[in-house]
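Chemist: Respectively, the protein sequence lines represent chains A and B.
Everything in the first sequence is counted per our numbering, starting at 42 for the first residue and increasing by one.
Everything in the second sequence is counted per our numbering, starting at 42 for the first residue and increasing by one.
Careful: at least some of the hints might be erroneous.
Claimed, not checked - Each computed DMTMM-like pair below joins lysine to aspartate or glutamate, with the alpha-carbon atoms no more than 25 Å apart:
| id | chain 1 | residue 1 | chain 2 | residue 2 |
| --- | --- | --- | --- | --- |
| 1 | A | K63 | A | E53 |
| 2 | B | K448 | A | E452 |
| 3 | A | K448 | B | E284 |
| 4 | B | K448 | A | D94 |
| 5 | B | K117 | A | E53 |
| 6 | A | K448 | B | D112 |
| 7 | A | K122 | A | D174 |
| 8 | B | K448 | A | E53 |
| 9 | A | K448 | B | E243 |
As the list claims (entries may be wrong) - Not close to chain A: a few residues of chain B, all C-beta gaps over 10 Å, as computed:
| id | residue |
| --- | --- |
| 10 | E243 |
| 11 | E267 |
| 12 | T534 |
| 13 | G561 |
Derived by calculation from the structure, the hints in this document are not laboratory data.
Cβ coordinates follow ideal geometry from the N, Cα and C atoms, glycine included.
Protein chains: 2
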Amino acid sequence: MTLTGELFIGAERVPAATGSMKAFSPATGELIEPEFAFGGPAEVDRALRLADDAYDSYSHTGLAERAAFLDLIADKLEAVKDELATRTSLETGLPAAQFEGEVVRTAAVFRKFATVVRQGRFLQTAIDPAQPDRLPTPRMDHRLQKVALGPVAIFGASNFPISYSVAGGDTASALAAGCPVVVKAHNAHPGASEIQGRVIQEAVAEAGLHPGVFSLVRGPGNEIGEALVDHPLVRAVTFTGSEAGGMALYRRAQRRPDLIPVFTEMTSVNPTFVLPGALAARGAEIGTALVQRGMYNVGQACLKPAILLAVDGPGYAELRDAAAAEVKKWDARPMLTPGIHDTYARSVQRHQDHGATTLGHGAAPAGDTDGQALLLEVTGEQLLAEPTLREEVFGPTLLLVKLTSEKELLEAARAFRGQLSATLHADAADRTTTEQLLPILERRTGRIVFNAFSIPQEISYASTHGGPFPATSDSRFTSVGMGAIERFVRPVTYQNFPDELLPEPLRETNPLDLWRLVDGELTRR
Amino acid sequence: MTLTGELFIGAERVPAATGSMKAFSPATGELIEPEFAFGGPAEVDRALRLADDAYDSYSHTGLAERAAFLDLIADKLEAVKDELATRTSLETGLPAAQFEGEVVRTAAVFRKFATVVRQGRFLQTAIDPAQPDRLPTPRMDHRLQKVALGPVAIFGASNFPISYSVAGGDTASALAAGCPVVVKAHNAHPGASEIQGRVIQEAVAEAGLHPGVFSLVRGPGNEIGEALVDHPLVRAVTFTGSEAGGMALYRRAQRRPDLIPVFTEMTSVNPTFVLPGALAARGAEIGTALVQRGMYNVGQACLKPAILLAVDGPGYAELRDAAAAEVKKWDARPMLTPGIHDTYARSVQRHQDHGATTLGHGAAPAGDTDGQALLLEVTGEQLLAEPTLREEVFGPTLLLVKLTSEKELLEAARAFRGQLSATLHADAADRTTTEQLLPILERRTGRIVFNAFSIPQEISYASTHGGPFPATSDSRFTSVGMGAIERFVRPVTYQNFPDELLPEPLRETNPLDLWRLVDGELTRR
């Protein structure tokens, strides 16, 4: 398809209202055609009025119809796989092959949410039948289902321009819930955003849905994002990005006269703990794997195993040496944006200023925005004394922490703030420390990985991509996996309703063949 | 039991640190013995350190053990029924018989949550088994369960001194989730609070649990509440009360360096819509019932049907006259506190200043804090023009809204902010308007009641006591009913774990016989 750079307000393609931009190629440092339109508060307002107008019909689509719409988006994503991967590669400096895989996985996510919609368990239907003879007072019939919150504003991430962007998991799960969506395109990949937006816009039309189900806006600076967060018709906001960006958005939303859910997924160092038995048995293997996983996407991944902690002893030198040898193999590669590169350089310097020593590095940068692979080391004492050493460095740097004892390892584990994931490498001989460490990790993280690494992320029913602050703004939700839909629904109880006025999922005959909680027991009758 | 007025910090009974108070009898206007101790930030800190210390063991109690603890609290509540009801009556001016019923219902809530714990569905266990041969990449075993958030600070309501207070639904659901609890006693009923606190403190000891599972603090002014909300170890806050109070607490929590869930249940006028067919058929019956429900608890109920809307036509005069006749039968009765009485008087005056006319009233007040029953009326035009007429008057006042058309009725429905409940009285002849009205109500409320009233509240699986702002701070949750437990848990995924290190609910043999989501399908194997 030919990129036009327009905004998508419902079914309309809208030219620039407040300026425009070109995409940046991190690999060449050059700007890429075409011009991409900027909108402002007026475009946000139009998009949200349309979304609000679409809510009544879209939120009440039948489950089969909504699922078919999600499947259609999946088909259409796959149909533009090569084009989307090529453009995304151009806008990120990352290999097209990586994005071909990302398109396939993203299409799979839409299909999985189509299944979630067909299964209808996310409706959490519950029925407490009438008990007219109950004493001291009769019970009326009560039936509960979850309903969609309303229009959702979605801020895509810079680092995964497909799976966490316009057609990413936030959009898939919000659409699955029955919420119209307004996406703010990330300016780091406007062309990739347009291709994805076009796919969804076309799917809305082909499915015969209200055009307000999907809009895609773009703007300079923070103005358009603020207009989105401030808009009275927005019923929920999602964001994936930095802690500073997520908190600014969150704080902004708190100034609204009403309260709406704002889910921000922000920062995580995903600490990896290697216990003595595992260290002695396979220190070198773990060191190599750490760097291989850590360098994925030029270290620009929320699940990067940024910090590895181990007690100095048998295997530590082997782990360190293997990691140092591996990091030397990684060329400097272009980072996503010049801004991210600058922040990376500053973060590395900050770590070095706090005493982190360099164990090894990859080839020196060639281009201005190249990020050099780096392996640093600090002691447990340093890590415990200096909170910034426990913070994220977004880019291809990994930090080893050399501890003096298992006691210090447990103490270091307690020092971390909330995390998306934590990893534990342990053998049978490490059982005692394992049992001490697990509850510490459980309190601080949304996922614990045993003898493996947490990246790549599995997207399924048992997935959690969430965790206590600052990993996210609300640890009770996940932004990846089938549970992500729960962010966008709320319970409504229908009391004493005649059957014909009840929503279909709650009718007496269970016409959709759903699992329902009847009088406190799960049943399919 | 003899009331001592002490604070309960874990197993300890602690005398006053920063002053004391006596209870107030609204019926006599006199102060009642004994002195009740005030604590301050130091007592809050002790309570939360204990709670945090209790978390690891309490959140990992077996389901059977935790359920038995909740049942024990229920038994002990029933054992003090008469004493608790008598003291609560003394502190509220409301009849003891009402509180005997409330104790029975509150004990039942603990038993219901014991059942919820035994059923274990709140753990939302999901298992995606390993698929070592999957292409292009193998899948590791992923298992998810919900875990308790951590220590919860609970602010009881003034108006239901048992069911929304120390041993109320918030405490029951937080304890069921596995969260230690620190309750701030409401100063309107310190004796009732002490009796309930004693019951839970004793149950903790008898069950052999860590004493930090429960603490009860009390203080003057806002200082102790702020200390609770600010404390770094608090992991969630719940509040039931006014919009001003709830929002002050919510805003305070937003100043924390970390984000924690704050669930506030605040304000609702529970609009009742009477459509023409129902109005003509049974206007008088509805008018009488409206007042009877509305006067419950001297109108001091979050589910009071505060505003009734109907189109002027056949049946309207009958409804109005029946309501006016009924309201005359209601004596002025003492309100919960002098402050609530003053706010009530001001709110009534505000409505009258905005043109509400008086259709009828009960006997004039005898005591200083008596609230006079009042029936007001405005036109639809007035209601639409003046937002404050759509706001809550906390006390025994009801407002009729006389509309000119069904179109105006729908417009008025759209003008309301978020509500806990809405009620629709309609006959078969009202089908068209019913179908137009239902989606409007669904967007604005957590519960829709058909041809009945929303009070009393049923406490079961299909209950929702929640709704869009300002009914609550987060419409995705309920504070009443079995779903209330969801406020206090978050998902954790255990990836690639050996079976013996998994939490019991996730083990391969399903030793607890739980319903689990295995590969996306519900099963009990």
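Chemist: Would you list, in rising numerical order, the hints stated earlier that this structure does not obey?
Modeler: Hint check: 2, 3, 5, 6, 7, 8, 9, 12 and 13 fail, others pass.
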